[in-house]
Each structure stands twice: as C-alpha cells, then as structure tokens.
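Take the given structure of chain A and dock chain B to it, following the hints.
Residue numbers (my numbering), protein chains in the order written: chain A, 4 to 157; chain B, 4 to 157.
No lab work stands behind these hints, which were simulated from the structure alone.
Repeated chains share a single entry, so a pair holds when one copy, or any two copies, can fit it.
Derived DSSO-like pairs (lysine-lysine); straight-line CA-CA distance at most 27 Å:
| # | residue 1 | residue 2 |
| --- | --- | --- |
| 1 | K146 | K118 |
| 2 | K67 | K129 |
| 3 | K146 | K67 |
| 4 | K85 | K109 |
| 5 | K85 | K118 |
| 6 | K85 | K129 |
| 7 | K109 | K146 |
Each chain, letter by letter, is given below.
There are 2 protein chains.
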Amino acid sequence: MTNPINPTDDTARQLAQDLLQSARYGAIAVTRPDTQTPYAARVAMLWHDGALLTLISTLSLHTKALAANPACAALIGEPGDKGDPLTHPRMTLMCTAHEIDKSALKSAWLTAIPKAQLYYDFSDFKMYELVVSEAHLNGGFGKAFNLVADDLAV
Amino acid sequence: MTNPINPTDDTARQLAQDLLQSARYGAIAVTRPDTQTPYAARVAMLWHDGALLTLISTLSLHTKALAANPACAALIGEPGDKGDPLTHPRMTLMCTAHEIDKSALKSAWLTAIPKAQLYYDFSDFKMYELVVSEAHLNGGFGKAFNLVADDLAV
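Okay, chain A solo, but in the shape it has when bound (with noise of 0.2 Å):
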C-alpha cells in the first residue's frame, strides 16, 4: 500500500510556522461528554510566543467537552475564497487542553483579534492553550507531512 507522507524537511516546517503565524480561527474536535462521540466546532485560535491558544465560553458544548477530557485536536489553515480548498495547505494538530490566566494574555490576543475587544473580559470566556504533542500537515495532494512538537519551534 503507497504510503503517503513525505519526510519532514525545512520547507514542511516553514508551511507549518506559516499557518500558525496566520490563524486566528480554526475548527477543534473533542470528545462531547455525554456521548463520548466526536464533535467538532469554529474558535478563536492565535500562535502566541510558541503556544496554540483558543478564547471559548464555557457556555459552549466543546468548552464542557475539554473540561471533561482535554485531548483534542485543532484544524488551522482556512482556504478563504480562493482556489480548490482541498489544494489549500492546512494542519491538524494533535492537542491537550488546559486553562490559562488570560489577563496576562489581553494585549496580545486584542491586537492580533481586536474585535474580541467585546467579549474578552465576559466572566465566561476562558482562555485555553492547546498543548500540542504532533501535526498532520497537509500542503495538497501528495504533500503530506507528519510533525512532531519540535518541528514547530522557531
């Protein structure tokens, strides 16, 4: 059976670092608590300082879901309006949730997503970094790549 993942080379880690650099949202799968089936939904995602972190409410079903079980898994690389979108580089990110105190985090995550400005500080939104173990990544049709954590430092 063909094997379809390439070797890990510079170029692979550089598509990397650059969907992380530009996601600001992306899709997260988790474990829905009282199914214990996959679930999936849209968030708020930014690569701050070498760490994946997401801004959800804990009104939210996934929020419940992480508190529950941490591991998930994060999808980034959006292919906007333009071209074949299953040509469109993305990565899957295999994480382990867990909160974080996000008043250090407000002028960061402000600027790079400023309209959170009217949510950010609403008693529910927690922030969560998802620490990520490995990467699946996707450049399109036979460029796949399997990444490790370290792949991902600058």
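Relative to chain A, chain B alone:
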C-alpha cells in the same frame, strides 16, 4: 446559568438548509483508532437529495478512523475572506458514517465539485454518507439552535 440555546423556528431551519445547500467542504471530527483521541480533517462534502456525502481516500487517517468507528461530526459554514469568522453562521452535524456506492453519484458530485474529476475514479476514494442525527446551528453570538434530523428535511 444562562441557556444560550434558542427555540428552533423556521428562520433557523432555513439557515440550516442554506448552509447545507452551499457546503462543498467542511471539517470532519472523528476518533483516532490508535489513540482514541479526537481528530479533525478538511474533506469535500455535498448535501445531495437530503443526504450529506463525503468523498474521502482510504489512505487518510480520517477514513481509517471512520472504518473503525463511524461516529463523527461535520462542521460546515465557511466564513471565506469577509467579516468576522466567529459571527459567520456555521453548523455542527452529529453523524454516523457508512460507505455507499459512488458510481451512481458521479454526475451529481462532479456537477457540484468539478475539480474532483481528477481523482473521483481513483480506487482509494470512497463515498460515505454521513447520516445526521442532530445538529447544532450557530448563527453568530446569541443565535444558537439545536436541531433534530427532521429540521433538515425540506
């Protein structure tokens, strides 16, 4: 605690239908067969004759995951390049996947997604129906609805 879910009405059902009709791809959330942790991938999707379809390669981890555990979720409603991605309507569909014969669907699929002509007939590409049990519609802040399968029928 605030309940953020609104009663389902025809406006919500119409928005759900619009998202289904316009979806050409989305994020699929599955359970990784090796680690039993959440995984997400971007896949082509099409709402056809009241069924949610996806065309995926058996070389992909998400396809292997569905073969091992058909419970999945689909996130549709892509923001494109305009506006605030977190106020753009999207919907999470809770699904069970099963493989179906792709030969009868070729014309419908290629009419909607012409670029799939390049790989539709590849033997590793399989068509799955994602049978929807319920859906969480998020029309933007304060516009959340929980739908059942009947709400998606026209």
